[in-house]
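Enquirer: On the provided structure of chain A, position chain B as indicated by the hints.
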Amino acid sequence: MAEADSAVTAPADDRRVFGEAVLTLENIELGFGGVKAIDDVSFEVRKGEILAIIGPNGAGKSSMLNCINGFYKPRAGSITFKGRKMPAMDPHFAAANGVARTFQNIALFRGMSTLDNLMTGRVLKMKRNLLWQALYWGPAQREEMEHRAFVERVIDFLEIQAIRRTPVGRLPYGLQKRVELGRALAMEPEILLLDEPMAGMNVEEKQDMSRFILEVNEEFGTTIVLIEHDMGVVMDISDRVVVLDYGRKIADGTPAEVRANQQVIDAYLGVSH
Amino acid sequence: MSNLDPSVHDTTPKVLRHNARSHPDEVALRLKEYGIWHETTWAGYLAKVRRLALAFHDLGIGPGDVVALVGDNDVDWIATEIAAHAVGAMTLGIYRDALEEEVGYLVGYAGAKLVYAQDEEQVDKLIGLAEKVATVEHIAYADSRGMGKQTDPRLHEMAALEERGERLHAADPGAFDALVDATSGEDVAILCTTSGTTANPKLAMLPHGRFIRHAIIYLQADPKDHSDEYVSVLPLPWIMEQVYCVGFGLVARMTVNFPESQETMFQDLREIGPTFLLLAPRLWEQIAADMRARIMDASSVNQWIFDKGLKLGMKAIEEGRRSTLADVMLFSTLRDRLGFSRVRSAATGGSAMGPETFKLFLAMGVPLKQLYGQTETLGAYTLQTGEDLDVDTVGPPFQGCEVTILNPDPEGVGEIVTRHPNMFTGYFRNPEATAADLRDGWMHTGDAGYFDAKGRLVVIDRLKDIAETAGGVRFSPQYIENKLKFSPYVGEAVILGSGHEYLTAIICVRFSIVAKWAEKSRIGFTSYTGLSAEPRVYDLIAAEVERVNRTLPERQRVRRFLLLYKELDADDGELTRTRKVRRSVVGERYDQLIEALYSPVTTAHLDTEVTFEDGRKGRVVADMRIMDVGDTPAAELRKAS
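For the record, the sequence lines run as chains A and B.
So the first sequence is numbered by my numbering: it starts at 1 and just counts up by one.
So the second sequence is numbered by my numbering: it starts at 1001 and just counts up by one.
A portion of the hints provided could be inaccurate.
Listed next, the in silico BS3-like pairs over lysine-lysine satisfying Cα-Cα at most 25 angstroms (straight line) [what the hints assert, rightly or not]:
hint, chain 1, residue 1, chain 2, residue 2
1, B, Lys1149, A, Lys47
2, A, Lys206, B, Lys1566
3, A, Lys47, A, Lys85
4, B, Lys1132, B, Lys1149
5, A, Lys206, B, Lys1617
6, A, Lys125, A, Lys82
7, A, Lys125, A, Lys47
8, A, Lys206, B, Lys1149
Residues of chain B clear of chain A, computed beta-carbon distances all greater than 12 angstroms [stated by the list, open to error]:
hint, residue
9, Ile1216
10, Asp1222
11, Gly1273
12, Met1291
13, Lys1308
14, Glu1319
15, Ser1332
16, Leu1438
17, Gly1441
18, Gly1446
19, Asp1465
20, Gly1499
21, Thr1529
22, Leu1575
Since the hints were derived computationally from the structure, they do not count as laboratory data.
Heads up, the beta-carbon is just placed ideally off N, CA and C, and yes, glycines get one too.
Same shape as in the complex, but just chain A (with noise of 0.2 angstroms):
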């Protein structure tokens, strides 16, 4: 009896308060022909947390991400970004103002070592145009150093000195992923949007990301929205879970109050109709 009366009041003290929502998805509607994959559905992202999506396969995670950085235009609904509302998102606008993101499947360029897809991430910061950086002189070349520090500081904090000069294509999978986190965050993002960052790793892959991730979230206060299949990793790492099934929200709360909740358990371990 004493044991389950704390296992009830026990996780209070763990929960981090957050502020202000940075983006915010009202009553959002999508679809491709005849299917609805993502149906009035509505979410606030918080300033500084960890927020992961999940749902069974299917559910419109990644369609819900593509619809945040812009990438799919909802049907209806709004997206409340930097204080602007717009029935959807202009992926160039999400780009420049800090909505930075990686790929199910790896979208890196495998020919161009390491070094070369993390300065890609700085494209947008860059001012001077094709042919000053041609020239490579004066003002091009300082801002050249400049972007090589800040990547040389991010290649520095997922541990990937050793790999700076390989190409990528010649990579283990768990480390492109790596370079894909480490592209993202050169981009020096306020919120990082991660599709499936540990798919097909290993469980010693899988800690390193999670630590990076936390690390991310943590010294540079970076926002993070993630999908994950792997329930340990989501119930670690995050502070507030959206479950979405079928395309509908179906929860959203902590780690702790989404685990509880029946419609969760419903969806994931299937119900008898």
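Expert: Only chain B this time, still in chain A's reference frame:
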């Protein structure tokens, strides 16, 4: 060498101050960070030490206190070390991969007051140890990453300590010099851990003056000066790295370079192109093995060049010369690839090295020399002269170092005992051990050896490791193990046979290379364990064992072996932190396997407890095949006795 007077400049901070005054703008240290080499001049080095020393003094660290250090080799480490010396404290280096309990033992035993812990990983160990390291009043960390949530009041960021020191210096510009002037050559500077192949490490007390004087004597045998470039890759807690990185760095003013990370070591080494190298035998072996692995991937033309060049070069070395053709064909390129083009002097030490590996580097044009010494004797006191091809000895003793063989047998083999004026003064807080090892001023090394006709010392093995079979055949396990380890496929080997009828081996395959070989041979595997159990891998290793057997006397040949399901690991206590095999641990943990090797069975069954990397414990049950080698079946040898 500079105009250094060891009777005046008799402590590490005094030598540093001397260098900073006489050569302020010369580069003393280089550290690669964020992809760029950052240089520190002697003046900058001294300024950093001054800031830290004043801050340490302010924290209440003083004479007789112990400052422990754990982390990677870098500028922060050695500046902290010399700053601690400047306030009169003793320093104790701890291997960066030491487990929490090892850190706890050393810090607790020495009663360290301040610990320099490089980053979160090391700080976590200390905080996890809690009251087991109750003497620790301050923890200084260099890397603030991940430290945001730490609230332990003992924590200080190095940058903050340096600021504090700078303010103290501004307030009282003479304070640092007064501290340095108060240091004495008689004071203990370093508490150096012994390798501890048998038990917990002991801490040898090494005074300042002896440390500096021995470095000077060493430099007479192997001169270095300010034009030398050294890359510090071996762990700083090890005596030889202390002598080279700190001692030679200060005394010869050679430039010490610190690589960016463990993984980038060889890349960074190539960028610097050191003139002087010290690597452990294991690293030399690894370089040789990696080279072979890379050749396996090369085109057939390149493979042909490699084979021919190697054969030519090795043959020439046997005849006491170097092959110019082989150099043009192969070795100059290899030297360039490895970053050895500018190497003027190279050393190996810490444990014995296989003669074939040794010859390979000589053939390559790397003037490799074997050195010999102990922690207690301030590292090396013998070094090869490099005059003629010599793969067996460790050279003659340094000037002023006496070495004799105690109780020699008819062949002149006995225990190596040594005495020189600059040895340790005893084990810290352990007079019993001091009395056992240091008798009448002679250090009893516990190693068996003899002098050859030219007065060069030959080290055979640890005295207690020299074994005798039931048939009365004496053998040195290490000697045979090194022969086996020359094979690129063999990572580690443990030779058994003491009190038995014949010799056997427990072998760990070298994963990187055997994996590559398996790939080429179209053998599927998923893990180290799977690869080790593969019959064709057994055949591969059997061929290697037979090759080694052919070079051994009939009765010293390995008759049976098995491939261990895992690699020997320092975290499991099977190796020391300098990667020497702990025979007692191996013997105990794998007694089921050893029994099987001497029983008429073909499979060894193991059921044992293991500790995983994250500290969890688990049980391992594994079956390993035993393979017979040679013409005489082991069964007959058993019957014969």
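Enquirer: Hint by hint, which ones does the structure fall short of?
Expert: Violated hints: none at all, because every hint is consistent with the structure.
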